[in-house]
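K.L.:
This is what each chain is made of:
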Amino acid sequence: MSEATATPERVVPVRHWGRLAAGVLAALALAALLWFFATNDNIRWSAVGRYLFGPTVLEGVWVTLQLTVLSMVIGVVLGVVLAVMRQSKNGVLRWVAGLYVWFFRGTPVLVQIVFWFNIALFVPTITIGGFSVSTNTIVTSFGAALLALALNEAAYMAEIIRAGITSIDRGQAEAASALGYTPLQTMTHIVLPQALRVIVPPTGNETINMLKTTSLVSVVAAQDLLTRVQEISARNYLVIELLIVASIWYIALTTVASVGQYYLERRLSRGYARGRKRLTAGDLLRGLLPIRTTERRPS
Amino acid sequence: MTEAVIARDVRKAYGSTEVLKGIDFSAAAGEVTCIIGPSGGGKSTFLRCINHLERIDSGTLQVGDELVGYERRRGVLHELRERQIAARRAKIGMVFQSFNLFPHMTALRNVMDAPVRVLGLSKVEARDRALTLLARVGLAGKEGNYPQQLSGGQQQRVAIARALAMRPELMLFDEPTSALDPELVGEVLEVMKDLASEGMTMIVVTHEMGFARTVADQVVFMADGVVQEHGSPADFFTAPRTDRARDFLGKTISH
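Protein chains in written order, with this note's numbering: chain B, 1 to 299; chain Y, 300 to 554.
Keep in mind the hints are simulated off the structure, nothing from the lab.
Virtual Cβ for every residue (Gly too), placed ideally from N, Cα, C.
Please note that the accuracy of each hint is not assured.
[As the list claims (entries may be wrong)] What follows is a list of derived Cβ distance ranges for each label pair:
#1 B:Val73 x Y:Ser496: 52 to 58 Å
#2 B:Val14 x Y:Asp480: 36 to 42 Å
#3 B:Arg94 x Y:Glu482: 46 to 52 Å
#4 Y:Gly321 x B:Leu264: 50 to 56 Å
#5 Y:Gln447 x B:Ile251: 36 to 42 Å
#6 B:Ala32 x Y:Gln447: 45 to 51 Å
#7 Y:Gly321 x B:Pro183: 16 to 22 Å
#8 B:Pro183 x Y:Ser496: 35 to 41 Å
#9 Y:Lys550 x B:Leu264: 51 to 57 Å
#10 B:Leu184 x Y:Ile305: 27 to 33 Å
Using the sequences provided together with the hints, build the complete structure.
P.N.:
Structure follows, in structure tokens:
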């Protein structure tokens, strides 16, 4: 052994010519595409710049953000309730939760949006304790959109949360029981905090999806980003330019959400990741771009 | 001599597989009882019945003067509510084969969390108690470590400290050294020996014959779902009365 390490031999690594050629081709294709867009006379880039921060567009962005956050919050809360119901010892609760998930995952969200928008057709008034209101004053287009997105999201979140709960080793709940924790304490202090590690990454993906799914509510003119840019382009016919404006906003929002997701995941891995505590520029870049390199660990 | 645990004809089946086929057992307060025997003989299942992690099908099981999982009111057995079961479990410490420390908490939080949440101790008091116990199991300075950053032996010692923090009347050990690397077994057994010498009532399911021989006050040999024989370690290890025990000892000692 000591003889081999005394004079290190030169090693020629394998040259991957195929990889190199494919890389060059991909770079050329990307450059051509960018050139095509940048120099296309049919796209008025000045209009893109003018509308990007226009008041109507910003209002649309704000509504999109509200829809995303509110429907995710309602979806998560309802999802926890449904997930716990599905674990219940009570068969009726289990069955009702199962039915809910089955129904909302089985129907398209677009159909649900249109359905809630038209709910007044068969429930014209809502009466609570002798107090009557017209359904249309409560279920506005925004209300219908929120209702549809939130209820639909709850079904998906229920499955994500249930998977998180069942991923925790049974020994954890047993150890907590043996110490005298009540079932509720065991769930809230031992099982759920650990399940969060499993629940958060797909929930982040759901949030990013939700940012984009909100555009569907433009079919009921819910004043979200897509509704507003379509209003503008209906007047000035700058269809592509305004779609570019909307796309820039959507991609900016999803990028910010990805960074947030990355930091949240890091924070939750406390007690699991060994070593490496300080944040590096590389970490930041990895958080910013949707590139997740597989971590190489010396075995 | 008062009995800490008494079992009479305890039976338990999973589906059609009978695991406990009428266990008669008693463990004296202040003594160490080691339950030994071949795997699948019902040792762990019986231990888990003592703090109601498993429910018995028939027979009676008593810890102190209370029935496990039930309450007798005017001659009728009433099943206990979850909250009442939890309150009784708090008085019984349990140490698991796979440690089952809470991975999202530091060693200190692992030890002080239950006293705060279950016993209602103040954080300051629970922290003091936890620090004392961690020092006692030889882990002073490791308070801030997460379980993953500790060796198996250290994790199991934290688990013992966690159970002791509840000031239990009885400690149950379910094969506490079976998941450990051989060189780490000793440090855990040392802590258990200390505990025994202080008069803690302990019931230990173990394959460590040396520990049973030197520390136990009573050895219970369990196989095929029943207690085959029990007695002092001196009698049991030198002159087992049943063929089943002779066969078992022959196999374990020849290695």
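K.L.:
For every hint, state whether the structure bears it out.
P.N.:
Here is how each hint holds up against the structure:
Checked against the given bound of 52 to 58 Å, the beta carbons of B:Val73 and Y:Ser496, roughly 56 Å apart, stay inside it. A C-beta distance of roughly 40 Å is found between B:Val14 and Y:Asp480, which places it inside the suggested range of 36 to 42 Å. Hint check: B:Arg94 to Y:Glu482, Cβ distance near 48 Å, so the stated range 46 to 52 Å holds. At about 54 Å, the beta-carbon gap between Y:Gly321 and B:Leu264 stays in the expected band of 50 to 56 Å.
Roughly 37 Å separates the CB atoms of Y:Gln447 and B:Ile251, a value that falls within the hinted 36 to 42 Å. Checked against the hint of 45 to 51 Å, the pair B:Ala32 and Y:Gln447 passes, with Cβ atoms roughly 50 Å apart. In this structure the hint that Y:Gly321 and B:Pro183 lie 16 to 22 Å apart at CB is violated, the actual value being about 31 Å. Checked against the hint of 35 to 41 Å, the C-beta distance between B:Pro183 and Y:Ser496 comes to roughly 37 Å, which is consistent with it.
Checked against the hint of 51 to 57 Å, the pair Y:Lys550 and B:Leu264 passes, with Cβ atoms roughly 54 Å apart. The given range of 27 to 33 Å is respected by B:Leu184 and Y:Ile305, whose C-beta atoms sit roughly 32 Å from each other.
Checked against the numbered hints above, the structure breaks only hint 7 and satisfies the rest.
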